[in-house]
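Whenever a hint applies, use it, and build me the whole structure from the sequences.
Here the numbering used here is used: the first residue of the sequence shown is 1, the next is one more, and so on.
Among the hints, erroneous ones may be present.
[Stated by the list, open to error] Derived Cβ-Cβ restraints for the label pairs, each shown as a range:
#1 E794 / A825: 40 to 48 Å
#2 S596 / A812: 45 to 53 Å
#3 R479 / A666: 45 to 53 Å
No wet-lab data here; the hints were simulated from the structure. Heads up, the beta-carbon is just placed ideally off N, CA and C, and yes, glycines get one too.
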Amino acid sequence: MPQLQKLEQLSAPHCLLLAVHYAIECNIGALGALTALRAADLDLELVLRLILTYLPESADPSTYVEYLHELASGTRPSGDDDAASLDISPVEHLSGSQARKKKRSLELLPLALALYKNEIELDPFTHFLIHRAHNIDATTGVLELIPQLIVPFLNHSEYLRAWFISTVLPLLRLSYEYYPQTPAPSLEEFARLRGRRAIELQLSNLRQTPKDTPGREHAARDLRGVVGPWMCGANDRKRRKLSTEDRRASVTEKSTQEPDDWECLFEWLVHTSRADLPLVSSVICEWDGPDDMDLGGYEEGRDYVGDETRRKLELRYAQAALACLYLVESSSTETIQTAHALLTRVSELLNFDPPPGLNVSVDSLPSYGLKVSMAQQTSTGALREENIFRPDNALTQPGRDAVDLLQLLLFSVCLFSSLQHPISIREFARMYLGSDFSEQSALLQKIIHSLSSGAKKDDEQWRTIRAKLLWLWNWGTNRSEGDRHAQGIFGNMDNISCEMEILKGLLESSHYQLAIQIYIQTPSSHGPLPLHIVEKVVLATAMHHYDNASNGNRTRGGMKRASDIIAAFSPCFPSSSRFQRMRALLSATHAMSFYSLTLQHGVPFQPVNIRVTADPLSLLRKLLQQNSRSYTHLDDLISIGQNLVVAMPSTLIDDDADTRPVDLAALENKKAAAERRVIGMTVEAALSEDDFETAYSYVVNRLTPPTPSPAASPATSTSSQRFSFGLYDSITEEDDAEDVAWRAALEAGRHHSSPSSSMWSRSGTTARPDLRRLEQRMELLSQALLLAPPRHLEEVLAVWQECEKEMTTLLAEENAAEERFNDAADRRLPGAFTTETVAVQPRREVGRGAVEEAPVGLFDVARGAAAAFSKTAFPLRGSNRTASGAETRDTTSDRGRVSMDLSDSGSTGGSTEERVRKRDMVASAVTGGLASGLGWVLGAKPVADPDRE
Numbered sequence: 001m002p003q004l005q006k007l008e009q010l011s012a013p014h015c016l017l018l019a020v021h022y023a024i025e026c027n028i029g030a031l032g033a034l035t036a037l038r039a040a041d042l043d044l045e046l047v048l049r050l051i052l053t054y055l056p057e058s059a060d061p062s063t064y065v066e067y068l069h070e071l072a073s074g075t076r077p078s079g080d081d082d083a084a085s086l087d088i089s090p091v092e093h094l095s096g097s098q099a100r101k102k103k104r105s106l107e108l109l110p111l112a113l114a115l116y117k118n119e120i121e122l123d124p125f126t127h128f129l130i131h132r133a134h135n136i137d138a139t140t141g142v143l144e145l146i147p148q149l150i151v152p153f154l155n156h157s158e159y160l161r162a163w164f165i166s167t168v169l170p171l172l173r174l175s176y177e178y179y180p181q182t183p184a185p186s187l188e189e190f191a192r193l194r195g196r197r198a199i200e201l202q203l204s205n206l207r208q209t210p211k212d213t214p215g216r217e218h219a220a221r222d223l224r225g226v227v228g229p230w231m232c233g234a235n236d237r238k239r240r241k242l243s244t245e246d247r248r249a250s251v252t253e254k255s256t257q258e259p260d261d262w263e264c265l266f267e268w269l270v271h272t273s274r275a276d277l278p279l280v281s282s283v284i285c286e287w288d289g290p291d292d293m294d295l296g297g298y299e300e301g302r303d304y305v306g307d308e309t310r311r312k313l314e315l316r317y318a319q320a321a322l323a324c325l326y327l328v329e330s331s332s333t334e335t336i337q338t339a340h341a342l343l344t345r346v347s348e349l350l351n352f353d354p355p356p357g358l359n360v361s362v363d364s365l366p367s368y369g370l371k372v373s374m375a376q377q378t379s380t381g382a383l384r385e386e387n388i389f390r391p392d393n394a395l396t397q398p399g400r401d402a403v404d405l406l407q408l409l410l411f412s413v414c415l416f417s418s419l420q421h422p423i424s425i426r427e428f429a430r431m432y433l434g435s436d437f438s439e440q441s442a443l444l445q446k447i448i449h450s451l452s453s454g455a456k457k458d459d460e461q462w463r464t465i466r467a468k469l470l471w472l473w474n475w476g477t478n479r480s481e482g483d484r485h486a487q488g489i490f491g492n493m494d495n496i497s498c499e500m501e502i503l504k505g506l507l508e509s510s511h512y513q514l515a516i517q518i519y520i521q522t523p524s525s526h527g528p529l530p531l532h533i534v535e536k537v538v539l540a541t542a543m544h545h546y547d548n549a550s551n552g553n554r555t556r557g558g559m560k561r562a563s564d565i566i567a568a569f570s571p572c573f574p575s576s577s578r579f580q581r582m583r584a585l586l587s588a589t590h591a592m593s594f595y596s597l598t599l600q601h602g603v604p605f606q607p608v609n610i611r612v613t614a615d616p617l618s619l620l621r622k623l624l625q626q627n628s629r630s631y632t633h634l635d636d637l638i639s640i641g642q643n644l645v646v647a648m649p650s651t652l653i654d655d656d657a658d659t660r661p662v663d664l665a666a667l668e669n670k671k672a673a674a675e676r677r678v679i680g681m682t683v684e685a686a687l688s689e690d691d692f693e694t695a696y697s698y699v700v701n702r703l704t705p706p707t708p709s710p711a712a713s714p715a716t717s718t719s720s721q722r723f724s725f726g727l728y729d730s731i732t733e734e735d736d737a738e739d740v741a742w743r744a745a746l747e748a749g750r751h752h753s754s755p756s757s758s759m760w761s762r763s764g765t766t767a768r769p770d771l772r773r774l775e776q777r778m779e780l781l782s783q784a785l786l787l788a789p790p791r792h793l794e795e796v797l798a799v800w801q802e803c804e805k806e807m808t809t810l811l812a813e814e815n816a817a818e819e820r821f822n823d824a825a826d827r828r829l830p831g832a833f834t835t836e837t838v839a840v841q842p843r844r845e846v847g848r849g850a851v852e853e854a855p856v857g858l859f860d861v862a863r864g865a866a867a868a869f870s871k872t873a874f875p876l877r878g879s880n881r882t883a884s885g886a887e888t889r890d891t892t893s894d895r896g897r898v899s900m901d902l903s904d905s906g907s908t909g910g911s912t913e914e915r916v917r918k919r920d921m922v923a924s925a926v927t928g929g930l931a932s933g934l935g936w937v938l939g940a941k942p943v944a945d946p947d948r949e
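If you want it as structure tokens, here you go:
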């Protein structure tokens, strides 16, 4: 029987089984002839399912593409020519029931893959090709076979073309062209990817590539050749519903409203920039955006992004680039250069003028010209990562203001880096939007301190630094808005505050002449700062170094810095009282540095101790106590004390302190009071070291009032506190001189020398030192009587009485010794008489005379009392007169005593008589004072004394 007849006699199950046999054996010719001859039993869908199920996936698509063309076009040949070659033996022996049974056991795959089963608009042949491609990849893993299968049929369906471009082409490039060494996902896995997961997978190779490898240069290539084609299937993926498995998997990992694929790409750029700005910058600088796709020519002129959508995507792309700059947290120079390149690219995308180069001079820096103040209308919350890319974020909305603001921020960051204070754009933007005056002021101080304490810079460099800081303050404009004084990063500070900090920096870096040129020699109408502010800053800076000095020597450390500043600026403020006080303070501190001085808890003296002490003169008392015989440096100590009083250190830089020129008369009064107080301290120190002679000399020669006068009446005395030369509150300017003088005289007068200093033995003609010392003490007490207020006379007289008793005792001892000596000498003389009658002098009346011609007045009584007091007050006067009269004394001894008096007391007299006359003068004043005092007590009217007039 001819072969054709046998074929026609086969049942439909036999034909199907025979077609399966031909498909398994890859006998495409026989399969084609069979399906053509028995087209009624083998329809198109059945044949496609049969091929899909039994044709080996490893078969070369080129062997059956033509057959598929015939099936797709419906132009299958009749098959009569090939009928003779058909071999029906595989099914010929099967009975009809056996054939039907085997047919039922066949499991033919559906044409639509589960992933695409909801694509009801697709024709069977498109479903077949997509399913066949997935099977080839799943079975063989040879993705290269798929283009051979699909490309010939791209014109069959637009969906098939878009599917191939968006699914197969990106995977092919990732697996075979771009990263062949990296494992790639399967076709089905790749087709299931959506949103962020798809973007992460497609660009994961870029994130894993080391920063210094050439592979990062292909970042734009990946977006152009992988992500771009994948985006062409965005609309189809939106229509495609998730399978049941996808729905279950997406419950925990996808939100109900996931952003579209383009939005996910832009978000990836924004988030990646935080950790890898160079990568994102490379992408943006080389990729032109949504319209820049490499579809391999398979699109054949088709446009997968509409014009309106493209415009929106381009703006979002530019906004993503702007957002990337706000997330930069690195402050390196490379980062600044990368950010500048990225900003230039954004300006190009938006058709704006590019920013100037980073190495531009300060004069050519851009200026603030925003129409709307971002600092006033935007908070720091806009900088959060979740907010920075929002479409309504004013900081990143593509426009002139957003680009200009980023340009200002970028150049500000660049200037900060040049000022040795690198800072990131993100941190800088946060400070611009949210910092207050204190934070900005602290930042400016930190920058200037770093510059002044770093490497030394010349005047020109400091001029440039000042220009940069002023640009950072106002961003090149004098415009102010709201509560901001300027538009720059330091805009919450006023101009004076900024200039003050810059002036401090110049002073800290020792550029005094430059500071004078900028802030003083500039005409006052155009000067950066008022002169009183300059003076305040200069003094405060000098005082800062003074307070932090560890030693008072003005030739080193903080004292040297303070002295240099004052010396440089003093000619600029010749009439400034504060500069005069500062110079006095520096002089006093320097002089004190040559003495050893330790304060509480063993802490060595530091200059700041003077400023924190309410009464700086009290430090001199401690200095005298801790430095043996330092009281001998009287002139030095007086100079220190006067300078401390003139300086008034505790209020030197107080804002509310009096800055008027110093009253010379008042100043001299203060200096005189300080001198007497210091002398009083040295007297105390000398007495504490048992140096009575020095104390006596200081009191007699340095504390004698210029015009001795009787004691003041009780109504004029104001001293009522216990006195100490080291206490400031115990004296006033009015009674300072007298109070210190009489107190010092009293202290010296009541001093008892140590026994070793008063020991004496009669040898030759040496005078008794104890008698001489007592005479000096009584002279000091007489001076105290002259100066002491009336209510303190009792205290002085009590000491006087003690000395008087001691003097009486010493004179009695001396007279007895002289009498014994004379008696012994008389007995030893040859021819001496044994006895001599001594005439007894009758007792003298005190008071009224024997003859009472007239009554005695009150002043006569007072004068008589004063005369009687003078005899006991100055007994040596009568003794000296006796020595020069009837009785003859040892003149050699008297001259020796007088010479010692002159040498120790500092008297200018040259003989005993001149010495006595000086004492008589003091005694006359004392007795006269007592007489007038008694007369005042009795209420009598004084009689003029012609001698005194």
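Verification of the supplied hints:
1. As the Cβ distance of E794 to A825 is approximately 46 Å, the hint placing it in 40 to 48 Å holds.
2. Here the CB-CB span from S596 to A812 is close to 48 Å, well matched to the stated 45 to 53 Å.
3. Against the hinted window of 45 to 53 Å, the Cβ-Cβ separation of R479 and A666 comes to about 51 Å, which satisfies the hint.
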